[in-house]
Amino acid sequence: MAKQQKKLYALTGKKKYGFSLPLTDTIKIGKRKYKIMIKEDEKHGTYILWKNRRYPVEIIQSRQNKFEILFNYVSYSFTIETPFSLKRKQYLSKEMGQVEEEKILAPMPGKIIEVLVREGTEISRGEPLLILEAMKMQNEINCPVNGTVTSVNVKPEVSVVKDDVMLEIKISQ
Amino acid sequence: MKIKNILIANRGEIAIRIIKTARQMGIKTSVIKTAAEPSAMYLALADNVYDDTENVSEIPVFLDIERIIKIAIDSGVDAIHPGYGFLAENPYFAQKCADKKIVFIGPSPDSIYKMGNKTIARKIALAHGIPMTMGSEGKIPTENEAVRIARNIGYPVIIKAASGGGGRGMRIVTREEDMSKMFRLASNEAEKAFSDPSVFIEKYIENPKHIEFQILGDTKGNIIHLGERECSVQRKHQKLLEEAPSIALNDDIRKEMGQMAVKIASAVGYFSAGTVEFLFDSEGAYYFMEMNTRIQVEHPVTELITGIDLIEEQIRIAEGKELRYRQKDIKINGWAIECRINAEDVQSGFSPAPGKIEQILMPSGENIRVDSGVQAGSVIAANFDSMIAKLIIYGRDRKDALANCKQALDKVWIKGTKTTLPFFRMLIRNPRFIDGSITTSFIENELTGYHVNSEYEEMLAAWLATWLFVDENLDESNLKINFEETKNLSPWLLNKRITRH
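Taken in order, these protein sequences are the chains called A and B.
Residue numbers for the first sequence follow this note's numbering, beginning at 81 and rising by one.
Residue numbers for the second sequence follow this note's numbering, beginning at 16 and rising by one.
It should be emphasised that the hints constitute simulated quantities derived from the structure, not laboratory data.
Ideal Cβ placement from N, Cα and C applies to all residues, glycine included.
It cannot be assumed that every hint is accurate.
Said to hold, decoys possible - Which chain B residues face chain A? A few, computed with CB under 7 Å, are given here:
| hint | residue |
| --- | --- |
| 1 | ASN167 |
| 2 | GLU373 |
| 3 | ALA480 |
Take the sequences, apply the hints, and build the full model.
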């Protein structure tokens, strides 16, 4: 990491939060500065103290620059970018278009009951892809994008663990 | 006959709920220790624990009728309480108990059978003039037959498992093209859940309220109702929040529906606690849906507004005692709300989020009751239901109960899994929920988000993500991060402190 980088950005997909480096434990809102504290005790586990209130926090995922944070029971996903990587990312997305592949991951451990698509099936957002049984319930897993199924990695009666890649879909423009 | 020792053929919060009442009545309790949950909370509270951890059968013990009977005989109990779930609504199990001279704390095998089979229940209701939706005469053998009947009734229709309940084996069909797929799905699910693939079809009432009446009957033929519960906050036909009474009913309609509920229960000679479920449409018309022949998850809201312990009544009735109350003795007093705090990810369509509970702190106080079978260290396993705790709130009236509920929800602290908590915190602030006008389609059709959106909280989460990135990627000595509170904390220690999944 080069020393001249003075800022990091946390991107949600919709929003961008910039933080100057070195990272401090205060956040400015309007004219006032507020202190953030990471704390931990036996009773509460890890939490953030902000304006005299405790907020439970958990890290659901941290993979390279991708983070999923459970903050006050609500989950937020971020990618962290430096000014340079942010520029490169913006440039790439302009040049190459959107991310082309969508992987359908098992949202929970369970058993596949039925696969409703095949390789080559054209599918629209919201249409059912497969039925996954977990916690006594059959859950319809719906397609998050418009596209074409390129790979089917599961079949009925097969068990999956969380985050198994069940299907891959090529996103249509 | 006085019951002295009960085997509780269930786990989790309902096992603990039954133990509490049994203890007050001076009755000993036995519970079953399973390999899946050898350190579950309910085990510590019972008088006797039957160790079934060596059981190598593929059938989980709480679904294994023969084994439960054997355990009951070995433990020398005189009665079995099945809680809710599979054993509670299995006529064969109730009969088996009777054969072995063990008191089944619940209704007769005959009532369970008649009300458990939804097509028979429909026929009985029809014969007694209970208002009902149009539907198929009985089970539907083929997809083609399903298409023919649905044409007759008119779409939308709902396919339901004949032996079903609890939302499983149920599918709504809005157009003929979907019928064959939905028929298969419902039938598959019914087979899996109830070992019976047969389904039937009813006209689907759009945007109804779900209103159910609590029934109590004794073996002498006395039957009363304890007022209604409204359970319109549902997703995928699974109840999330229940309240009693319902804001939709006035005294006249309450009386009329209550009488209908008593009538259908009487038609099958019902005794013990039971629930008659109705759909209530926007015109104020109501339709009999089904009767549940067991204690229900949401029974506490009725207990709070009537002051009657339903488990105690179940036990008294099972002992052959006469009901202590007549209909005129039942007074509704105040308002109660139950929030089901489940290990679910509300941001992924309420998908199960199993995991280990690291910390759990539930609020307490005069107007708060918590029924839970979970403590710090408990694991919410993928093969059991996802319940963590029922937060049950009382108030003088609905407004007061809502205010108390809002406060209590802010005090809940659970770490380790995603929970339905953000959903309830959003719901309790939703104007449509507050004014009481919501229906069972509210979550799926009207809500755009399932949690409160807070800009500040997202920003704080962004800060934490950035902090973690810095912690993991940049050389600490280059940075001079200024954290007063965490200054001397080495990164590996913080890593350990923050739970990773």
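Status of the GLU373 (chain B) interface restraint (C-beta, 7 Å, chain A): 5 Å, holds
Status of the hint placing ALA480 (chain B) at chain A (closest C-beta pair under 7 Å): Cβ of ALA480 (chain B) sits 4 Å from chain A, so the hint holds.
Hint validity - ASN167 (chain B) Cβ closer than 7 Å to any chain A Cβ: With Cβ-Cβ at 27 Å, over 7 Å, it is violated.
When held up to the earlier numbered hints, the structure conflicts with hint 1 and nothing else.
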